[in-house]
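In case you want the letters, here they are:
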Amino acid sequence: MTWLIRLYPARWRERYGGELEQLVHDLRPSTSRAAIAVDLVRAALGAHIQQGIDVQISDWKAIKRGMLVAGTVWLGLSVEIVVVNVIFPSKTDDDAIPVLVSYLFIFAALFLTGTLAAHNGAGRKGQVLAGLIAGSIIGALTTATFAVVDNVWLDVVAQQSAKIDGLAHSGAGSMREYINHGLIGAAVFLTVGLGVLGAALSRAGGLAARKPLSPASIRNSRRWEFRGRRR
Amino acid sequence: MEARFAEPSVLILASLSSGPKHGYALIKDIEQIADTTLGPGTLYGALTRLVQHGLVEALPAQDRRRPYRITPAGAAAARAYLQHVQRVATVGLKRLEAYA
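Protein chains in written order, with the numbering used here: chain X, 1 to 231; chain L, 1001 to 1100.
What the hints contain is simulated information worked out from the structure, not anything from laboratory work. Honestly, I wouldn't trust all of these hints.
Think about it this way: if two alpha-carbon atoms lie no more than 20 Å apart in a straight line, the pair counts; the simulated SDA-like pairs of lysine to any residue are [to be verified]:
(1) 1028(L) <-> 37(X)
(2) 1028(L) <-> 30(X)
(3) 1028(L) <-> 32(X)
(4) 1028(L) <-> 53(X)
(5) 1028(L) <-> 31(X)
(6) 64(X) <-> 53(X)
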């Protein structure tokens, strides 16, 4: 009889399986075997459906949280881009450290996206999608920031030695044409590249956050919106 | 024909209002107060939802039997729901008297 408990989702079984098995054992002398079996099968099916709904809700929340992380990262990067290129511009090509720090910042944020998603009950799909979308948003918006900065403060940006050298070897007719042509390539590369990298890093973050389930962790990590019929 | 409408969550909250109980004790208590027998799967399906909503909390297990306790939020939700049902029942019964 208790083998029917194996029909429940593994996650549910891990938390409640032992208790349910004991309850079935306690009920057996006074309740018919068929009634218990029908009830267990029906409830196991319900648990699978409910788990699917839970994961969908958690996945969507993970994606929204990833978008929030992406927006925050983009704001930070935009400030850094304006400061380095406009407020304290350098004519020499010495921005290796700020660029490295920026990339590490992005990678950490994408990893964190997956960790947060896993902590809040998102499944593998939710973690990957959250990272993919967050990375793509960071790539697209950061390129847009570069487009604005480079075009609005073209006279300042055009003083950079890397840009002067690049223009000389590009065959472009003007600095604006050279910069904007480069930005199109960067938009595709950063959006797609950071999207793919985001998916991988977010999944890695999700795996790193995985830990054995306890009653308290389930209770605390899977806060639903109360959608009770009574309200 | 007698129909019973109370859903398992309400029955569990009502039962736990008199103190913590494990699964078997809940089923037996609900049989007494509502003349309804919940199946083990039905009981645990409802308990799972109540725990997730923070309306009920698990206490440390005794052997393999884990008692559950109603939370303040659970008590408030049950009270609000039962008062609502009571209002509806009062109006419904008055109208049914007039109908008869």
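Status of the hints after comparison with the structure:
Pair hint residue 1028(L) plus residue 37(X) holds up; C-alpha atoms about 19 Å apart against a cutoff of 20 Å. At roughly 11 Å between alpha-carbon atoms, residue 1028(L) and residue 30(X) fall within 20 Å of each other, so this suggested pair holds. With a C-alpha separation of about 15 Å, the suggested pair residue 1028(L) and residue 32(X) falls inside the 20 Å cut-off, and the hint holds. With a C-alpha separation of about 31 Å, the suggested pair residue 1028(L) and residue 53(X) falls outside the 20 Å cut-off, and the hint is violated.
With a C-alpha separation of about 12 Å, the suggested pairing of residue 1028(L) with residue 31(X) holds against the 20 Å cut-off. As the CA atoms of residue 64(X) and residue 53(X) are separated by approximately 17 Å, the hinted pair is consistent with the 20 Å bound.
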